[in-house]
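> Using UniProt numbering, you'd call the opening residue of the sequence shown number 1 and step up by one each time.
You may find that some hints are simply not true.
Unchecked claim - List time: in silico DSSO-like cross-link candidates among lysine-lysine, alpha-carbon distance up to 27 Å:
1) Lys263 x Lys172
2) Lys160 x Lys172
3) Lys263 x Lys159
4) Lys159 x Lys172
5) Lys263 x Lys160
Source of the hints: derived by calculation from the structure; they are not laboratory data. Every value quoted in this text rests on a predicted model; they were computed, and no experiment measured them.
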Amino acid sequence: MATLSRCVSRRYAPVLVENEAPAPATRLKEHSGVAANLVSAVAGLVALVQAVRSDPLWIVLGLVALAALAAYQLWRRRWRTAGLAAVALLVLGVAGWALNQDRRDAAPAAATTTPTGPTTAPAAPDPTAATTPAGATGAAASAGGAAPVVFSDVVQLDKKTGVDVDGGRPVKRYAQDATVDLYLDWGYILYSSARHSAMYDDTSAGPEEGAQARCATYREGRRTSAPHHYVGGGQQYCFTTSEGRPGWLQVVNQAGEGGALVKVTVWRE
């Protein structure tokens, strides 16, 4: 009888061991793997969002990659990973749609916005004063004792091209060096000068008239600034040239493959 009991125990011992609950170390390892996958997914999504902000081409590439990943995981019957890929695909699609709407509705309307407030009748012109043609460059004095204008005109910036306007005329630069006042990088990212890398948002604040006073207020008040911004059309920014002169710009529209038309005004202090 004892011999029979030992035989039965030996025969069913593996079955009893197999039905035991997994060890705590095994469960901890599984949870750690899931957490690592989630962290990697979040990090990848953040990197993808940053890339999408710089150029819309990444939206298409991201959608194609996520769709392929979701299809592959469905084929492998990995439902959880396929679900995460589908959610990421939906989020990226919504982000792409929102970015497209933002570019379409970006501030062309702001270019026609006029400041509110009481208006006064224009003063009679001084018959002895000399007139200066609009849009002329050089040290042309503005009305009302404002700082003379060094440069005021529309310039076309191609992709990965800069411009130097401190000399009173636009000089194109093909490298982002210390003399560049504005530089348009890949993905419609506009940089100010490397020596004074501060661009203050002036979009919807008013037209070019009064921009000099607004820009001075931003600088003196130490308003939040950034060295570069995405420009799609209609945005306005105050900046400082490489030689320290105050400037104002308005992005008229995108032009060509990655280029932009920009109205630039620089004053002499």
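> All the hints need checking, so say for each whether the structure fits it.
To see whether the hints hold, each was checked on the structure:
1. Lys263 x Lys172: This hinted pair holds, its Cα atoms lying about 15 Å apart.
2. Lys160 x Lys172: holds (11 Å)
3. Lys263 x Lys159: holds (17 Å)
4. Lys159 x Lys172: holds (12 Å)
5. Lys263 x Lys160: Roughly 18 Å between the alpha carbons, so the hint for Lys263 and Lys160 holds.
Consistency with the previously given hints is maintained throughout, with no hint failing.
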